[in-house]
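Protein chains in written order, with our numbering: chain P, 6 to 191; chain H, 6 to 191.
None of these hints come from the bench; they were simulated from the model. Just so we're clear, the structure is a prediction, and the values are computed from it rather than from any experiment. Among these hints, one or two may not hold up.
A pair counts as met if it fits within one copy or between any two copies, since identical chains are not told apart.
Quick list of in silico lysine-lysine cross-link-like pairs, DSS-like style, CA-CA up to 27 Å [said to hold, decoys possible]:
| # | residue 1 | residue 2 |
| --- | --- | --- |
| 1 | Lys70 | Lys130 |
| 2 | Lys137 | Lys70 |
| 3 | Lys20 | Lys82 |
| 4 | Lys130 | Lys20 |
| 5 | Lys82 | Lys122 |
| 6 | Lys20 | Lys137 |
| 7 | Lys7 | Lys165 |
Chain by chain, the residues run as shown.
Protein chains: 2
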Amino acid sequence: MKLYIGLVHYPVYNKNRQRIASAITNFDLHDLSRAARTYGVRRFYIITPLLDQQELATRILEHWKVGYGAAYNPHRKEAMELVRVCSSIQEAVGDIGNLEGEVPLLIATDATRQEEKPLSYAAAKGLVRSSKAILLLFGTAWGLDREILESVDYILDPIKGGTEYNHLSVRAAAAIILDRLAGNPG
Amino acid sequence: MKLYIGLVHYPVYNKNRQRIASAITNFDLHDLSRAARTYGVRRFYIITPLLDQQELATRILEHWKVGYGAAYNPHRKEAMELVRVCSSIQEAVGDIGNLEGEVPLLIATDATRQEEKPLSYAAAKGLVRSSKAILLLFGTAWGLDREILESVDYILDPIKGGTEYNHLSVRAAAAIILDRLAGNPG
Chain P
6 MKLYIGLVHY
16 PVYNKNRQRI
26 ASAITNFDLH
36 DLSRAARTYG
46 VRRFYIITPL
56 LDQQELATRI
66 LEHWKVGYGA
76 AYNPHRKEAM
86 ELVRVCSSIQ
96 EAVGDIGNLE
106 GEVPLLIATD
116 ATRQEEKPLS
126 YAAAKGLVRS
136 SKAILLLFGT
146 AWGLDREILE
156 SVDYILDPIK
166 GGTEYNHLSV
176 RAAAAIILDR
186 LAGNPG
Chain H
6 MKLYIGLVHY
16 PVYNKNRQRI
26 ASAITNFDLH
36 DLSRAARTYG
46 VRRFYIITPL
56 LDQQELATRI
66 LEHWKVGYGA
76 AYNPHRKEAM
86 ELVRVCSSIQ
96 EAVGDIGNLE
106 GEVPLLIATD
116 ATRQEEKPLS
126 YAAAKGLVRS
136 SKAILLLFGT
146 AWGLDREILE
156 SVDYILDPIK
166 GGTEYNHLSV
176 RAAAAIILDR
186 LAGNPG
């Protein structure tokens, strides 16, 4: 399994469907890095072009990796070590290329079913268990910009919970998707 | 499906395995209520005996149910409407008794495998899909006190992610467990 995840802060939509750069949420770093570590993800990219937001993310990471937090909670350190801050999806793809010697397959996630390039969970699980490097992209705010959806290889089917309600947090959605693709429920 | 969830703030363990009452985390209310609504959970109980913490939870709920938040984000309102603040597991059980006319089955969750009363995901899914009322309990901080584990009907198997790392946030764990028990992946 050569699975990577990216949390995209730009370009994403706000609630009025305008393109924005969202702010970094401390809980996203914690929850997604812990889920990533649990499911054997190789790296977790925090993607934002905003320098002050990159600095904020780096400060949080340093606290847990080498600062007071590292001694206070070594499990958190272990999770945070997976995180890399980068300015674009292209930069994350380049990093994976350096590590794996191949261009990763890009799989976007979206809460709404997309017509083009749909990918079922069964098919996605097959890809994740193959020898292919994969970068799974999650959007913050109201989701990934169309420009990203158009540039990826696949768009994973939305999570269905048996109701019409379709508003999971990105922290919950990412945990569920990692469990579906890389977990092994008894 | 008559599924209920409870997020327990007392009695739980701190990192030194002392019995404590944990503080309410704003993100837990948001993320778990949204996951509960997604998976058709009937009510989500915030369980704490501390009055100031009950008041804090109630203030957050009112903001999203009738205050500014209700107009700003109606989806959040819809999720928060599932939440009830109560002082003990017994109070939640009593509320479910009033609603369903039966005592719910109590299923605790724990990150560590317990010897007694283990419940697999397949068996738990069967129970959730039966006509039986079920209260699924999640612990905050370092997990549910032994006293709770001893008093429930079953203890759900821990989530395995294919690695030795076993430190999901309660927000991620609850989302994954709801998906495993009440979801329908394609």
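Comparing the hints with the structure gives:
1. Taking the shortest Cα distances, Lys70 and Lys130 never come within 27 Å of each other, neither inside one copy (31 Å) nor across copies (39 Å).
2. For the identical chains of this complex, Lys137 and Lys70 are neighbours neither inside a copy (29 Å) nor across copies (46 Å), given an alpha-carbon limit of 27 Å.
3. Taking the shortest Cα distances, Lys20 and Lys82 sit within 27 Å of each other only across copies (15 Å), while inside one copy they are farther apart (34 Å).
4. Taking the closest pair of Cα atoms, Lys130 and Lys20 never come within 27 Å of each other, the shortest separation being 31 Å inside a single copy and 35 Å across copies.
5. Proximity of Lys82 to Lys122 under the C-alpha cut-off of 27 Å is found in neither arrangement, the shortest distances being 37 Å within a copy and 33 Å between copies.
6. Taking the closest pair of Cα atoms, Lys20 and Lys137 never come within 27 Å of each other, the shortest separation being 35 Å inside a single copy and 39 Å across copies.
7. In this assembly of identical chains, the alpha carbons of Lys7 and Lys165 lie at most 27 Å apart whether taken from the same copy (26 Å) or from different copies (18 Å).
Hints 1, 2, 4, 5 and 6 from the earlier list are contradicted by this structure; the remaining hints agree with it.
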